[in-house]
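Take these sequences, add in the hints, and give me the full structure.
Here's the letter readout for the chains.
2 protein chains.
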Amino acid sequence: MSAAVIIGYDRGMARWEPDSRGRLEQAALALYGERGFENTTVAEIAARAGLTERTFFRYFADKREVLFSGAGTLQEVLVSAAVSAPDSAAPIDAVAAALEAAGALLQERREFARHRQAVIAASTELRERELIKLASLASALADALRRRGATGPAATLTAEAGIAVFKVAFERWVNESNQEDLPQLIRESMDELKAVTAGR
Amino acid sequence: MSAAVIIGYDRGMARWEPDSRGRLEQAALALYGERGFENTTVAEIAARAGLTERTFFRYFADKREVLFSGAGTLQEVLVSAAVSAPDSAAPIDAVAAALEAAGALLQERREFARHRQAVIAASTELRERELIKLASLASALADALRRRGATGPAATLTAEAGIAVFKVAFERWVNESNQEDLPQLIRESMDELKAVTAGR
Numbered sequence: 001m002s003a004a005v006i007i008g009y010d011r012g013m014a015r016w017e018p019d020s021r022g023r024l025e026q027a028a029l030a031l032y033g034e035r036g037f038e039n040t041t042v043a044e045i046a047a048r049a050g051l052t053e054r055t056f057f058r059y060f061a062d063k064r065e066v067l068f069s070g071a072g073t074l075q076e077v078l079v080s081a082a083v084s085a086p087d088s089a090a091p092i093d094a095v096a097a098a099l100e101a102a103g104a105l106l107q108e109r110r111e112f113a114r115h116r117q118a119v120i121a122a123s124t125e126l127r128e129r130e131l132i133k134l135a136s137l138a139s140a141l142a143d144a145l146r147r148r149g150a151t152g153p154a155a156t157l158t159a160e161a162g163i164a165v166f167k168v169a170f171e172r173w174v175n176e177s178n179q180e181d182l183p184q185l186i187r188e189s190m191d192e193l194k195a196v197t198a199g200r
Numbered sequence: 001m002s003a004a005v006i007i008g009y010d011r012g013m014a015r016w017e018p019d020s021r022g023r024l025e026q027a028a029l030a031l032y033g034e035r036g037f038e039n040t041t042v043a044e045i046a047a048r049a050g051l052t053e054r055t056f057f058r059y060f061a062d063k064r065e066v067l068f069s070g071a072g073t074l075q076e077v078l079v080s081a082a083v084s085a086p087d088s089a090a091p092i093d094a095v096a097a098a099l100e101a102a103g104a105l106l107q108e109r110r111e112f113a114r115h116r117q118a119v120i121a122a123s124t125e126l127r128e129r130e131l132i133k134l135a136s137l138a139s140a141l142a143d144a145l146r147r148r149g150a151t152g153p154a155a156t157l158t159a160e161a162g163i164a165v166f167k168v169a170f171e172r173w174v175n176e177s178n179q180e181d182l183p184q185l186i187r188e189s190m191d192e193l194k195a196v197t198a199g200r
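Residue numbers (my numbering), protein chains in the order written: chain A, 1 to 200; chain B, 1 to 200.
Note that these hints are calculated values from the structure, not bench results. Quantities reported herein were computed from a predicted structural model and do not represent experimental measurements. Any given hint could be a false lead.
[Claimed, not checked] Under the rule of at most 25 Å between Cα atoms (straight-line distance), these lysine to any residue pairs were calculated in the SDA-like manner:
#1 A:K63 - B:R187
#2 A:K194 - B:R187
#3 B:K194 - B:S84
#4 A:K63 - B:E65
#5 A:K194 - B:E65
#6 A:K194 - B:R146
Written out as structure tokens, the structure reads:
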């Protein structure tokens with residue numbers, strides 16, 4: 001399975017006049033799509049955005065990070081929704097609420113996500129970076145569940161299973177011709193997870 | 001959560017007189033542990049093993065791959081066990097059987113696995129490579145389930161959830177002071193997954 005591409009959201013990019021960060025992201029994505037990640041330099045990204053290399057490195061540590069700038073926001077949304085789920089919610093239901101909140105956040109940017117996934121799928125380096133980000137999301141989600149009282153292995157398993165649900169739903173969302181929205185696909189995938197682990 | 005380190009098995013290393021591949025692996029692991037992955041060169045690994053750089057590259061594509069040479073064997077065991085589970089077994093039970101078979105394979109090498117995990121945890125590059133290998137295992141396992149008749153998203157979810165079970169069990173196995181064996185920890189983690197997804 002190719003890595004899902006789910007953490008590129010950035011509020012900044014939705015503005016009418018993108019800030020420097022958003023301009024750099026858009027320039028990088030365009031250039032990676034045109035000539036490939038490996039064949040694009042930071043200097044070229046900065047030039048396309050009408051900015052300097054120095055400005056690029058003020059925002060991003062390297063050429064890969066420019067595609068993952070939304071990971072922090074996504075993690076905050078996930079953690080916040082998990083922590084604020086009702087006390088009575090089982091951990092898996094807190095995770096479901098968190099995933100749906102994240103899905104609603106991403107829903108607005110389907111075309112961007114499709115373009116970005118094609119770029120990431122074409123580069124081993126980018127796929128590796130993505131998997132690291134997903135592992136971080138799972139870890140943060142497990143921590144959020146522990147704050148709700150879940151214990152070690154159960155918290156980790158619930159979070160990892162939740163991220164698996166998100167990956168599957170996200171891939172369907174960007175790859176399939178159906179027009180279901182992401183929160184709906186997340187609900188379907190969560191139901192599917194419950195069915196398969198119940199041995200159905 | 002740090003990445004689990006579960007794919008370093010190599011039958012060759014258990015021999016009394018390790019072959020060139022095994023000697024290179026042992027030399028690399030020792031050097032990475034002593035001076036760090038980033039500070040070790042292929043020339044140094046080859047010298048420690050009493051071999052040439054050219055021999056190193058006959059076996060391994062790069063400095064990272066030397067720690068993942070067992071991934072192919074592990075994948076074969078997983079796939080073979082999943083495919084050969086009884087026709088009547090639900091996909092999740094075929095996955096459980098596959099994970100236990102892989103766990104039994106790894107069980108003999110706990111000290112090696114501990115050492116290797118410490119090395120991998122210390123290097124972002126190695127953690128990324130490990131996550132790619134785990135994603136490949138999940139993908140191969142999903143393919144095996146499809147050969148058994150499972151459909152797309154269900155097969156992927158079952159496989160991904162299974163790999164999450166394996167990661168959690170493996171981490172407990174290498175990190176905790178308890179002496180439970182890996183197949184047993186896999187069974188416990190699988191039961192835990194079933195419990196959490198059932199909302200308990």
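Comparing the hints with the structure gives:
At roughly 42 Å between alpha-carbon atoms, A:K63 and B:R187 are farther apart than 25 Å, so this suggested pair is violated. Between A:K194 and B:R187, the direct Cα distance comes to roughly 18 Å. Compliance with the 25 Å bound is thereby established for this hinted pair. Distance check on the hinted pair: B:K194 and B:S84 sit about 23 Å apart at the alpha-carbon level, within 25 Å; holds. Of the supplied pair hints, the one linking A:K63 and B:E65 holds, its CA atoms being roughly 23 Å apart against a limit of 25 Å.
Under the criterion of a C-alpha separation no larger than 25 Å, the hint pairing A:K194 with B:E65 is inconsistent with the structure, at around 36 Å. Between A:K194 and B:R146 the alpha-carbon distance is near 18 Å, which keeps this suggested pair within the 25 Å criterion.
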